[in-house]
Amino acid sequence: MKYDVIIAGGDPADVKIAMAALGAGKSCCLIAEGRLAGEGGRNAFAKAGGVLLLGDRVSSVEWAEDGSVAALHTANMDDERLVASVYVLATGRFFTRGLVSDMNSIRESVFGADVQFDPDPSRWCVEDFFAAQPFESFGVVVDEDKHPLKNGKAIVNLYAAGGILAGCVDNTEQICRKIISA
Amino acid sequence: MKEYDVLIIGGGVTGAGTARDCAMRGLKTLLVERHDIATGASGRNHGLLHSGARYAVNDPESANECIVENMILRKVASHCVEPTGGLFISLPEDGLEYQKKFIECCAAAGIKAEAIDPKEALRLEPSVNPDIIGAVKVPDASVDPFRLTAANVLDARLHGADVLLGWEVTDFIKETVTVVGVKLRNIYTNEVKSVYAHYTVNAAGIWGAAIAEKAGAHIGMLPAKGSLLVFGHRVADMVVNRCRKPANADILVPGDVVSVIGTTSDKVPFDQCDDMRVTRQEVELLLSEGCKLVPSLATTRIIRAYAGVRPLVASDDDPSGRNVSRGIVLLDHSKRDGIFGFITITGGKLTSYRLMAEKTTDLLCSKLGVAKPCQTAELPLPGSEPDKRKASHSVVVEAAFGRQGARAASIDFSGKGSELVCECEQVSRAEIAYAVKELNVKTLDDLRRRTRVGMGTCQSTFCLRKAATVLAEELGTPDKADALLRDFIQERWKGIMPVCWGDQLREAEHMRKEYGNEI
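Taken in order, these protein sequences are the chains called A and B.
In terms of this note's numbering, the first sequence has 210 at position 182, counting the first letter as 1, and numbering is strictly consecutive.
In terms of this note's numbering, the second sequence has 940 at position 249, counting the first letter as 1, and numbering is strictly consecutive.
Calculated directly from the structure, the hints in this document are not laboratory data.
The reader is advised that the hints may include incorrect statements.
Covered by chain B, according to a simulated footprint, are these stretches of chain A (three or more residues, beta-carbon under 8 Å) [unchecked claim]:
id, region
1, 35-47
2, 129-141
3, 152-160
Computed from a predicted model, the values in this text were never measured in an experiment.
By construction, the Cβ of each residue, glycine as well, lies at the ideal position given by its N, Cα and C atoms.
Given only the sequences and the hints, what does the whole structure look like? Please build it.
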């Protein structure tokens, strides 16, 4: 299937971007396991003509030779190639499994994008529970156009939005504008 | 001014047990504790009721003490003990050499240790490492040390003892060479007062060294830190031990809905005893060794880490401190140091607390000329009396009886009482009200030690706001709910930090979203 925009979702930002894409007359597919984010917004997206793959997740990525995304496959439709002009990474942080950690490292779960985190795990948390925790600012690294980096090189047809970004910045509006003008 | 026969310093299981024994023998008794019951080593261990098998090879005396006390506590503290049974498993790298000696030594110490086929062991406890080459079944059990301590404190009070929680001993009152009382300071209000007793018992665990110094006596104590990990499920239903010379992380104990692996053993300075931290290295070691016992630990969420300090005592004739005893140490300071009216009970272990209390009380009674014999080996703790009622259909009622024993008969579950507060541990509003009324509860952490509220799989993430509200209401200070919540979550956070990765990091992020803005 070919879309203008495919969003790997999970973060509350996913549906805002999806609605912005539809509003700009673009075809859009939103893949989300369905936890946490408001279902009301997602239903509205589906009613407005968006393709909602709820309870599904990206299982593998096809890469083009230039390092851009060529197609996605999902767990429920592994043989289907999902192709788009623009892809959005809005999977959220740890709770929604956008970021996955083991004892010593943290990785981004869909594209294997570069993640900024403290290499010393004893510094992931601070003593004061009510203070901002360092792990809350870990996330994917993007270039000035908000493309995530992989091995230091930008993935040029992918944008990152919401909690998965390093540094706790909310760039949802900015990504919406980029999608509309794409 | 009331003068006591006996003043006991330390609200751990030993102090609580001693207070109970003294009160049952008719002594006018006061128990003084700086924080809350079981906040030191009594509450920071495996929760293992040793069969003694662990000590059979190296320390036959302790092994025998354990099996005798194990059998007693199954009867008199039945509501605190879960007779899980235990296994000592041999892995290929351990060989079977040790097992042979182990079984002989168990037999000599009076411990029923039965070698079973590895296949039979896997049938009994399917979680153990399938590579085992040998297994021995022993009468280990799981015990809730908080409940055990609380039951002893409650019974001491029912026998007329006074209990002061939140009062710290600042100094001793002496008449020449005799201790006649102590000065106390309230840790919350800074109020000070003096209390007097014919005899003062130092049952302060590792902090007993500093207490003894204040009284003018020196005890060579060696703080030995032991770290443990709590896993988010009941991975095994039996206690699983490694059949080899005692080493790190070789015991896994099921405790209610979770499992605990431990321990490590490292000497630490005294100034760290008040603020034990589990290090990354300790977590890694516990995890890698634990997975050899029960491989599924590798994929089970670790929900927290904690550490306690064993009060190891150096033999008096060995000032180097190398010759350390893990046995019971009862010091009559009149004979040892020429300080009268002062006794120290230390060393020992959770399983032998009752015997420690008995020995201490025997000594006190002989000094005070009281002939009444010890009855703590026969008379059940409050809650462990025979439960003759019909099982109820209510989960919260059964959970309350499981924790509070027959005493739960006095809990009123009607109306709002049956409202569920902590889902993991099935704690109801009525049980919280009971704990406030009968068991000296002031904070959520106090409540946790009496009811297991917040100790289950979710570690209070889902129930905390409700628990804080209900406790504040039951305390009669509904406006204090936020403060109760903040103090509790900050304390829980300390145990979560060392294991904050994988699924536990997901939980931590969720916990921060739920409660991070409560300040």
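Consistency of the hints with the structure:
Three residues within the 8 Å Cβ limit are the bar, and the region 35-47 of chain A against chain B gives 0, so the coverage statement is violated. Only when three residues or more bring their CB closer than 8 Å to a CB of chain B does the claim for the region 129-141 of chain A stand; here the count is 4, and the claim holds. Given as covered by chain B, the region 152-160 of chain A passes the check, having 6 residues with a CB less than 8 Å from a CB of that chain where 3 are the minimum.
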